[in-house]
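Start counting the sequence shown at 879; every next residue gets the next number (the numbering used here).
Keep in mind that the hints are not guaranteed to be accurate.
[To be verified] Below 35 Å or equal to it, Euclidean Cα-Cα: the simulated DSBU-like pairs (lysine-lysine) are:
(1) LYS952 <-> LYS917
(2) LYS1000 <-> LYS952
(3) LYS915 <-> LYS897
(4) LYS897 <-> LYS970
(5) LYS989 <-> LYS915
(6) LYS917 <-> LYS970
(7) LYS917 <-> LYS897
(8) LYS970 <-> LYS1003
(9) LYS915 <-> LYS952
(10) LYS1000 <-> LYS917
(11) LYS989 <-> LYS1003
(12) LYS897 <-> LYS952
[Said to hold, decoys possible] Computed Cβ-Cβ distance ranges for the label pairs, DEER-style:
(13) THR914 <-> GLU945: 18 to 24 Å
(14) GLY976 <-> ASP936: 37 to 43 Å
(15) ASP981 <-> LYS915: 21 to 27 Å
(16) PRO969 <-> ALA1004: 38 to 44 Å
(17) GLU922 <-> LEU975: 19 to 25 Å
(18) ALA921 <-> ALA1004: 17 to 23 Å
(19) GLU902 <-> PRO971: 41 to 47 Å
(20) GLY1008 <-> GLY976: 39 to 45 Å
None of these hints come from the bench; they were simulated from the model.
We put the CB at the ideal spot given by N, CA and C, even for glycine.
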Amino acid sequence: MRFKNKVGGGSGIGKEVAKRFVAEGGKVFINGRDETKLKTAAAEIDASGANVGIYPGDIARPAVGRELVEATVKRFGAIDVLVNNAGVFRPKPFLELGETDYDWFLDTILKGKFFTAQAAAKAMKAQGRGGAIVHTGSLWAIQAIGATPS
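Please put together the full structure from these sequences, using the hints given.
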């Protein structure tokens, strides 16, 4: 398997992607705000711990994305794939959303993904062999739901 190092998520789709990568011979780093949840996810992804690392932190902070990529490269030697699966959801009607809610969505879903992808792309370029960056989204990006901010 060419792609042997990945950065993904600690729950839901991200965790399942990480499981699949490890099942196919890859190594992964996962990120999230809850260290306990990450440790549990890591044990589910690879009970030996040899093929999974965790990096707790809020991806909305650009430094966390950079540090996550650095930790991946330090532990596994390279990064070939970034699965940018960070997302947040707070069901609240559009007319009730405030600036704090709005900033939280944008900082996590857009800013966090942007700066993490930038750090990964720089590392991939420095490695001289390219790589892949996969961004995930949500159904709410294309269809409004009444009880949500979409």
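Each hint tested on the structure:
1. LYS952 <-> LYS917: It holds: about 19 Å lies between the C-alpha atoms, which stays within 35 Å.
2. LYS1000 <-> LYS952: Holds, because 15 Å separates the two Cα atoms, which is no more than 35 Å.
3. LYS915 <-> LYS897: Holds - the C-alpha atoms of LYS897 and LYS915 are around 15 Å apart, at most 35 Å.
4. LYS897 <-> LYS970: Holds - the C-alpha atoms of LYS970 and LYS897 are around 32 Å apart, at most 35 Å.
5. LYS989 <-> LYS915: holds (23 Å)
6. LYS917 <-> LYS970: Since the Cα atoms of LYS917 and LYS970 sit roughly 30 Å apart, the hinted pair holds (cutoff 35 Å).
7. LYS917 <-> LYS897: holds (14 Å)
8. LYS970 <-> LYS1003: violated (41 Å)
9. LYS915 <-> LYS952: holds (23 Å)
10. LYS1000 <-> LYS917: holds (28 Å)
11. LYS989 <-> LYS1003: holds (21 Å)
12. LYS897 <-> LYS952: With Cα atoms ~21 Å apart, LYS897 and LYS952 stay inside 35 Å; holds.
13. THR914 <-> GLU945: 18 to 24 Å: holds (20 Å)
14. GLY976 <-> ASP936: 37 to 43 Å: Because 20 Å falls outside the window, the suggested range is violated.
15. ASP981 <-> LYS915: 21 to 27 Å: holds (23 Å)
16. PRO969 <-> ALA1004: 38 to 44 Å: With Cβ atoms ~41 Å apart, the hint holds.
17. GLU922 <-> LEU975: 19 to 25 Å: Since GLU922 and LEU975 have Cβ atoms about 34 Å apart, the given range 19 to 25 Å is violated.
18. ALA921 <-> ALA1004: 17 to 23 Å: Given about 32 Å between the Cβ atoms, the range is violated.
19. GLU902 <-> PRO971: 41 to 47 Å: Since GLU902 and PRO971 have Cβ atoms about 42 Å apart, the given range 41 to 47 Å holds.
20. GLY1008 <-> GLY976: 39 to 45 Å: holds (42 Å)
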